[in-house]
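In the numbering used here, the protein residues as written are 11 to 224.
Among the clues, some could well be false.
[Claimed, not checked] Pairwise CB distance ranges (calculated):
#1 K75 / L53: 31 to 41 Å
#2 I85 / E169: 45 to 55 Å
#3 T83 / V222: 31 to 41 Å
#4 K205 / A166: 24 to 34 Å
#5 Q86 / T170: 30 to 40 Å
#6 K127 / E93: 28 to 38 Å
#7 T83 / S188: 49 to 59 Å
#8 A211 / Q96: 14 to 24 Å
#9 G107 / Q187: 17 to 27 Å
By construction, these hints were calculated from the structure, which means they are not laboratory data.
By construction, the Cβ of each residue, glycine as well, lies at the ideal position given by its N, Cα and C atoms.
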Amino acid sequence: MNHRRTKWMCSMLAGCAAVMFATGCSQSNNDREALLSEEASTLRLELDKQKSRNTTLASENQKLKLRNQQLETDIQAVPEPVETQQIGGFTAEMRAGEIVVNLPSDVLFDSGRDSLKSSAKSSLSEVASELNSRYPGRSIQLIGFTDTDPIKKSKARYETNHHLGFERAFSVGEFLQSKGVSKGRISYATHGPNKPMGTKAQSRRVELVVVVDS
Numbered sequence: 011m012n013h014r015r016t017k018w019m020c021s022m023l024a025g026c027a028a029v030m031f032a033t034g035c036s037q038s039n040n041d042r043e044a045l046l047s048e049e050a051s052t053l054r055l056e057l058d059k060q061k062s063r064n065t066t067l068a069s070e071n072q073k074l075k076l077r078n079q080q081l082e083t084d085i086q087a088v089p090e091p092v093e094t095q096q097i098g099g100f101t102a103e104m105r106a107g108e109i110v111v112n113l114p115s116d117v118l119f120d121s122g123r124d125s126l127k128s129s130a131k132s133s134l135s136e137v138a139s140e141l142n143s144r145y146p147g148r149s150i151q152l153i154g155f156t157d158t159d160p161i162k163k164s165k166a167r168y169e170t171n172h173h174l175g176f177e178r179a180f181s182v183g184e185f186l187q188s189k190g191v192s193k194g195r196i197s198y199a200t201h202g203p204n205k206p207m208g209t210k211a212q213s214r215r216v217e218l219v220v221v222v223d224s
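Let the sequences and hints guide you as you build the complete structure.
Here is the structure:
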């Protein structure tokens, strides 16, 4: 009798142990699943944050590219500084292998005339001297320019501003020749009113172009 009771109790204990083991395993699995689910949620949040950061960085990179392109465009639009010097008291600029001396017509001539003022001849004498000493043998072009006002008082002498511009350039050339500049070095042109500058006074000019790169 006692033997059967003992056997029964052992069976009961074994059953309880099996139930407790199964319950423990089930709880452990649930905890593991909960932990994995929490870790997955955390990883998804981090992934979303990283995607957002990547999107922001891509946007910033695009802005920087556009900014760089604009800066390159702005740099290209800025004109290179012009090298200037003085020749006979007149301003000269270096332009693509040429020296361009600006001779203001208001300094050289009276209004509507092509005869040189006496006061201009001393300065032009210095120009001739520098042309012979610094640029011997170099080709010279004299170009006449006027303002846009049509010829009125001097109509009988100059049909158009182009004629006036040419005659003024020619007068400068003749004077330079009288000061030793070879006639064969000089050529003439006129643009009349076609290339005005900022003001009418600035537009009235004779440009003396020395070809230094040939």
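Cβ separation of K127 and E93, checked against the hinted range 28 to 38 Å: Given range 28 to 38 Å: holds, Cβ gap about 29 Å.
Range agreement (Cβ of L53 with Cβ of K75, hint 31 to 41 Å): 32 Å, holds
Has the hinted range 45 to 55 Å been met by the Cβ atoms of I85 and E169? Holds: the Cβ-Cβ distance is about 47 Å, inside 45 to 55 Å.
Quick check: does the Cβ-Cβ distance between T83 and V222 fall within 31 to 41 Å? 32 Å, holds
Falls inside 14 to 24 Å, the C-beta gap from A211 to Q96? 20 Å, holds
17 to 27 Å was suggested as the range; check whether the CB atoms of G107 and Q187 agree with it. 24 Å, holds
Return holds or violated for the Cβ distance of Q86 and T170 against the range 30 to 40 Å. At roughly 39 Å between Cβ atoms, T170 and Q86 fall inside 30 to 40 Å, so the hint holds.
Holds or violated: the 24 to 34 Å window for the beta-carbon distance between K205 and A166? Distance hint for K205, A166 holds at roughly 26 Å.
If I claimed the Cβ atoms of T83 and S188 lie 49 to 59 Å apart, would that claim hold in this structure? 51 Å, holds
Comparing the model with each numbered hint stated earlier shows that all of them hold.
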